[in-house]
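K.L.:
Listed below, chain by chain, are the residues.
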Amino acid sequence: MSCPDLETLYLRAADGDEEAISHLESCEACTALMEAHQELERDLRHLSDPFPPSHFVGQVMARIEAAPVPVRVELQTGFLILLAALALGVGALVAAPHATAELATNTATSFLNWREAFFAFANAAGALWSIAAIPLIAVVSALFLASLVGLRRFAGAALTEVKVS
Amino acid sequence: MTSTLQASLLPDAFGMMFAVDAEELPYRAEVQAARRGDKRAFESLVRSVQRPVYGLCLRLLRTEAEASEVAQETFLRAFQNLHRYDDGKSFDVWVMAIARNLCLDLLRRRTRVQTDDVEDFKDRLASPGMSQEDGAIAKEERQSLEAAMRTLSAQDREVLALYYVQKRTTKEIAQIIGCAPGTIMARLFRSREKLRKQMTMHLEGEDAR
Chain A
1 MSCPDLETLY
11 LRAADGDEEA
21 ISHLESCEAC
31 TALMEAHQEL
41 ERDLRHLSDP
51 FPPSHFVGQV
61 MARIEAAPVP
71 VRVELQTGFL
81 ILLAALALGV
91 GALVAAPHAT
101 AELATNTATS
111 FLNWREAFFA
121 FANAAGALWS
131 IAAIPLIAVV
141 SALFLASLVG
151 LRRFAGAALT
161 EVKVS
Chain B
1 MTSTLQASLL
11 PDAFGMMFAV
21 DAEELPYRAE
31 VQAARRGDKR
41 AFESLVRSVQ
51 RPVYGLCLRL
61 LRTEAEASEV
71 AQETFLRAFQ
81 NLHRYDDGKS
91 FDVWVMAIAR
101 NLCLDLLRRR
111 TRVQTDDVED
121 FKDRLASPGM
131 SQEDGAIAKE
141 ERQSLEAAMR
151 TLSAQDREVL
161 ALYYVQKRTT
171 KEIAQIIGCA
181 PGTIMARLFR
191 SREKLRKQMT
201 MHLEGEDAR
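Just so you know, the protein sequences line up as chains A and B, in that order. Take the first sequence: its letters are residues 1 to 165, numbered as in my numbering. Take the second sequence: its letters are residues 1 to 209, numbered as in my numbering.
If we strip away everything but chain B, and leave its shape as in the complex, we get (with noise of 0.2 Å):
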């Protein structure tokens, strides 16, 4: 009975919650490759985690000028820190937490919030797996949770992008944000409640047109 309810009332975040670690991390010859100077190697990695980091920079940033610069920064850092990389974790997840600290030291810096290009991904967004009518409508409402998404602040945005887009573990998005493992699962409520009411608010006004 409990574990029926559990299943059919909790969100799904706890089923991922547990995720076993790959025994053998992936990337490790092309990392070993390009410590030795290896550039393809090197390119080959960067081929492998391009659209994960420019994803979680332009969901950060909201710019797609600014996500792109962001990402070809991480990605040159990456290059020159490789010897400070612990084989023992996940590269893609070091990459990734390079690419989020470059973001929130841009948006510390920034003096002003940019809207003028916000809308410029919207469109962007794949929809694998969908005939087209379906795709039609999937595709109205990720335009509003797109939106409702980018009212709430940078933690909120890029603890949901990590988790539910990126599909990471809450041990991965631990390592990235630099937090406890067991904290995740509180912050992913709170910015899925956030959102909810965003959500919430958006259809309200839609109805009140």
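Chain A with its partners taken away, still in its complex shape (with noise of 0.2 Å):
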């Protein structure tokens, strides 16, 4: 008798394949093959997995404690203050309609007025030119400088976050 394929016999078998069961019925060769996966099988039942090492998880602790704080939370607590603060505005605004309505007319004036306002500005704006100009490119270069290395800072974080399955 011709033995098939151990693995297609096993497959077929365990399917219920009426060929492949009376092949292992008659066949002792394959019988003893199967009986020795069986034996095989019990032993490996009996392995178990080792224990970590004993400061495992306050390593795993410190490791996270160390680690910096993912991009995805600083946007989070970013959001949550900004909400926070609109939140508080918004507020302030309600629990005082004087000032409410003061800001209202205000701002109407100021739009239909809007003319004035920006030579006022530009007005504003040559002034400190004329009297401040070089402290005022420094602090402006220093705003784009913070600027840029912020936004470097978020590229490469967001770069180097982990790939996970």
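If you are wondering where the hints come from, they were derived from the structure by calculation, not from laboratory data. This one's a predicted model, so the numbers in the text were calculated from it and none came from an experiment. Warning: the hint list may mix true and false statements.
Ranges of calculated distance between the beta carbons of each label pair, as one might list FRET restraints [claimed, not checked]:
1) A/P4 x B/T183: 16 to 22 Å
2) A/A120 x B/R36: 45 to 51 Å
3) B/A186 x A/A66: 40 to 46 Å
4) A/V140 x B/C179: 23 to 29 Å
Ideal placement from N, C-alpha and C gives every residue a C-beta, glycine not left out.
Join the two chains into one complex using the hints; note that each chain is given alone, in its own frame.
P.N.:
Now the structure itself:
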């Protein structure tokens, strides 16, 4: 009797294939192999995972504490701060109706007199430029550089975010 | 007749093939708390799944130092990526998949096989529920089995460890190693057959001495 491939025989017999099962019943060699597999399975089930070192959990938590805050958490925190500030502002306006009315009047007036406001702003900027041009350039440059550094850090962190399956 | 034959001759692997998933996934509350930034909840998760994670790392990498390092890295990445974890899946399966990927990355990066520390963990394998005498005999058998397992490829070791040592279902194993559940039984058979041949060679070698 010619024996089929053992893997095929095993998988077919497991699916209830009559031919494979009857071969297993009649073939001593295949039966012996199957019994060897069974014994191996019993032995394998007696193996167990080793325990990690006693300080393992402490080391994991220390690494988590030391790790930089993920970008997602930073963004979430920033968004929450923004929302809180907005809520505070709206709350303050609602709590003081006179101030709200005054603000609305002033805004409307400013809007109507936008031309005057624009010239006033331009004059103020011109005066500031003639008085303190160098400090103004320094402040604007510092703000620009800080923005660039922040953007670079943000992009860098996003790129190095780990890949998880 | 058929069922009797199947029960008596076919390896036990099929018994666990159709294991039913638990309706309520474990660790759900801890994961939600950890997502809110509760580090104590995450620490509790680490305590719960550290052993299978470390065990898989050790079986794949075969050195305690590397296994510990990779297992720690696994938990760090899990913490940083909790927002990506799908609540519909088991947390430990997700963490095991991260550990497995990190181990395979490290194995790929290795330029040579390190064998110096391979023997380190041989005696550390637990033998629950055995008398001292039984334990002594079983210890020898386990050591032979562990030695034979170490000769197999990482792919063979992982599938045997996940199925027989960690008692995971074929569906869980498929999620961890990223393949179709239907292929697991065939993989298990092939790995077991390689192991059987190794064990036979080992026994023949001992008899010849």
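K.L.:
Determine for every hint whether it applies to the structure shown.
P.N.:
Hints and how they fare:
Judged by the Cβ atoms, the range 16 to 22 Å given for A/P4 and B/T183 holds: they are separated by roughly 20 Å. Between A/A120 and B/R36 the C-beta distance comes to about 50 Å, which sits within the given range of 45 to 51 Å. Under the hint 40 to 46 Å, the C-beta atoms of B/A186 and A/A66, about 44 Å apart, fit the expected range. In this structure the hint that A/V140 and B/C179 lie 23 to 29 Å apart at CB is violated, the actual value being about 58 Å.
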